[in-house]
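S.K.: Here is how the chains run, residue by residue.
4 protein chains.
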Amino acid sequence: MKTKIYYHHTDCGGVVYYANYLKFLEEARTEFLEDKGIFIKELIKNDSALVVIRQEIDYKSPAFYGDTIEVKTSLSNISRTKIEFEYRIINQHAKTISTAKTTMACVNSNLKPKAIPGHIQEILSRI
Amino acid sequence: MKTKIYYHHTDCGGVVYYANYLKFLEEARTEFLEDKGIFIKELIKNDSALVVIRQEIDYKSPAFYGDTIEVKTSLSNISRTKIEFEYRIINQHAKTISTAKTTMACVNSNLKPKAIPGHIQEILSRI
Amino acid sequence: MKTKIYYHHTDCGGVVYYANYLKFLEEARTEFLEDKGIFIKELIKNDSALVVIRQEIDYKSPAFYGDTIEVKTSLSNISRTKIEFEYRIINQHAKTISTAKTTMACVNSNLKPKAIPGHIQEILSRI
Amino acid sequence: MKTKIYYHHTDCGGVVYYANYLKFLEEARTEFLEDKGIFIKELIKNDSALVVIRQEIDYKSPAFYGDTIEVKTSLSNISRTKIEFEYRIINQHAKTISTAKTTMACVNSNLKPKAIPGHIQEILSRI
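Quick mapping for you: the protein sequence lines, in order, are chains A, B, C and D.
Residues in the first sequence are numbered from 69 upward in steps of one, following this note's numbering.
Residues in the second sequence are numbered from 69 upward in steps of one, following this note's numbering.
Residues in the third sequence are numbered from 69 upward in steps of one, following this note's numbering.
Residues in the fourth sequence are numbered from 69 upward in steps of one, following this note's numbering.
One chain only, chain A, in its complex shape (with noise of 0.2 Å):
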């Protein structure tokens, strides 16, 4: 999951916005999940979503236009209602830009919490 920086990504501060990480962070874990044959869309004619309940993040260093750098993802816990993810970006240079934790939450199309499809669970467990 490599992704190239452009204009839109930064700021005046002339690097990228923090917020803008946790795009990054999106991409990279549907790309983990879509690896493993999970699919957001499936889950959701299933009546399931994951939501994020919680974002860690810390910024070590900063990224810059025209810089490319690759989110490291991995499944850090599982539950029967939650999965947490951990990442690590790096720069084009190998250097740690960022760390960070997401934990998300299996819920139903009103966002009421629900055990994740038993399926998925399979998947995960096996990761």
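Just so you know, the hints here were simulated from the structure itself, not pulled from any lab data.
No false leads were mixed into what you were given.
Heads up, simulated DSSO-like pairs for lysine-lysine below, C-alpha to C-alpha not over 30 Å straight-line:
no., chain 1, residue 1, chain 2, residue 2
1, B, 163, B, 104
2, D, 128, B, 109
3, D, 91, C, 91
4, C, 113, B, 128
5, C, 128, A, 150
6, C, 91, A, 109
7, B, 109, A, 182
8, B, 128, D, 128
9, C, 128, B, 91
10, A, 70, A, 128
11, B, 180, D, 128
12, D, 182, C, 113
13, B, 109, A, 113
14, A, 72, B, 128
15, A, 91, C, 70
16, B, 150, B, 104
Based on these hints, arrange chains B, C and D on the given structure of chain A.
M.R.: The following block gives chains B, C and D in isolation, referenced to the frame of chain A:
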């Protein structure tokens, strides 16, 4: 409709990023319509939505961090299925930053074109 | 610090996109500081900038199109080189939408850590 | 220049938010120029920047979460101080989503108009 410019509006060129002006325009025309008693949410209950089908914008002068910009909105045209808005964006020194024009079309929930509901037509024709 | 939710804040899940809350937090802490007489622009003239080094946010309840949210900001910690803000975001029904914490560090124009300028320390210590 | 659509591109209408297309256009014309050997960063070292002075875009069909869109970019006009790009955005079914046109002007670091540097003129005239 006044907006203060924060870091999240700008890019590493030091000015407001060109796409972000379209967010200001959305806010301005929403307020313009609500001021006349037209609420997007109510339209949706009537199986109607207004979607942007064309946008033109001329960037005349940059806006900077800390500036306060004002969007002046007017209704420039209305037909059975379309509405056209014109805007002038000025900064705190009354300098014109940008002029723009948005054409919106009425669609149903399947995104198929439909006539603008009668009571909305009526309100808009009185402006 | 109140903000109305427009289309540009939301995603296809029908709620405010998780990264966009960090824009509300930027706006809220900027207003908090300006209210005390601290302006980011003035800091920069003193070769000082405040950069976010850590962000935590708990998403407790979704915010929807048309909602009006309010960010309540407080200064939770201050050291020689760092400032910590805490926030509670509520909606128009006084329901807590989110709680968050930002740690900022003072850096010079080369993004190297430096002490927070004395007059800023003074203002912040009086809050 | 292909882009997959994630949640952060969409809005609560269920489709890609109209302003976000301008980010795709920025990415596409940057890649178009870099492919020809023109780098924004190098221009800036020559006290030259290309700023958008006019944007037109027609939204013909919506793009949805999970779609993959492609921006086809061409150089439609070039003068001593301006460059004009045209684009067609298609989805994974080769359906035209949008057509657009961007006019850029060359400016110096004080945002004053200037001639496009000679070697850039040369490269562009050969396309």
